[in-house]
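Engineer: Line by line, the protein sequences are chains A and B.
Just so you know, the working numbering puts 102 at position 102 of the first sequence, and the rest follows in order with no gaps.
For any residue, its number in the working numbering is found by taking its place in the second sequence, counting from 1, and adding 1000.
Hints listed in this document are in silico derivations from the structure and should not be mistaken for laboratory results.
Straight-line Cα separation of at most 25 Å, DMTMM-like style, residue types lysine to aspartate or glutamate; simulated pairs:
#, chain 1, residue 1, chain 2, residue 2
1, B, Lys1057, A, Glu5
2, A, Lys57, A, Glu17
3, A, Lys57, B, Asp1100
4, A, Lys56, A, Glu38
5, A, Lys56, A, Glu15
6, A, Lys59, A, Glu38
7, A, Lys59, B, Asp1100
8, B, Lys1013, B, Glu1075
9, B, Lys1057, B, Glu1082
10, B, Lys1057, B, Asp1100
11, A, Lys59, A, Glu41
12, A, Lys70, B, Asp1100
13, B, Lys1057, B, Glu1075
14, B, Lys1013, A, Glu41
15, B, Lys1057, A, Glu41
16, A, Lys56, A, Asp83
17, A, Lys59, A, Glu15
18, A, Lys59, A, Asp83
19, A, Lys56, B, Asp1100
20, A, Lys56, A, Asp71
21, A, Lys57, A, Glu5
Given the structure is predicted, the values throughout are model-derived calculations rather than measurements.
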Amino acid sequence: TQLLEQSPQFLSIQEGENLTVYCNSSSVFSSLQWYRQEPGEGPVLLVTVVTGGEVKKLKRLTFQFGDARKDSSLHITAAQPGDTGLYLCAGDGATNKLIFGTGTLLAVQP
Amino acid sequence: KAGVTQTPRYLIKTRGQQVTLSCSPISGHRSVSWYQQTPGQGLQFLFEYFSETQRNKGNFPGRFSGRQFSNSRSEMNVSTLELGDSALYLCASSRDHSTDTQYFGPGTRLTVL
Chain A
1 TQLLEQSPQF
11 LSIQEGENLT
21 VYCNSSSVFS
31 SLQWYRQEPG
41 EGPVLLVTVV
51 TGGEVKKLKR
61 LTFQFGDARK
71 DSSLHITAAQ
81 PGDTGLYLCA
91 GDGATNKLIF
101 GTGTLLAVQP
Chain B
1001 KAGVTQTPRY
1011 LIKTRGQQVT
1021 LSCSPISGHR
1031 SVSWYQQTPG
1041 QGLQFLFEYF
1051 SETQRNKGNF
1061 PGRFSGRQFS
1071 NSRSEMNVST
1081 LELGDSALYL
1091 CASSRDHSTD
1101 TQYFGPGTRL
1111 TVL
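Okay, chain A solo, but in the shape it has when bound:
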């Protein structure tokens, strides 16, 4: 069974701080997606990474796909209250379905 473990599970920080969320697996994924989910809403795609070692930047968010395509990280610089939400990674698994990670709940205090 393919699993994606995210860490940390919860994160509460002050506005302006930096943070990194990790998404790890023992399995190889052909691609990895990151989503953010706000209360009362469905997840919204932030980025898809497909190449081992790939780095993508989306304003203050930096996403990296591990060289072996088993792990990924999301780094947020100078976090803002609007970044608050549940961050989910999701891998394109061997069974042709998306495997979602365990989630990281981020709270950014003003």
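We have chain A already, so just place chain B on it with the hints.
Structural biologist: Frame of chain A; chain B shown alone:
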């Protein structure tokens, strides 16, 4: 372009009852996937429908079923509800495959008493 819509948004049922949830995908999207989200288990894949056929299935009991209509709209049904079925049920549509970019609806919050 309208997003994915789900109805109803909230539902309260009692054990033993059955429930039907509805999902309208983004126009032009042919793949519809259903997920169950709970605090303990996270987001788990239920099934995917494409061209009115179930193309993929997760590890859920047979009480969970679904269907897709010719206009790509989808419904999922849960029979003989259990307390543990209380969850947020999310529908997502994508152009052709469930591993493409998923566009999620706001979900249906089901509470089983």
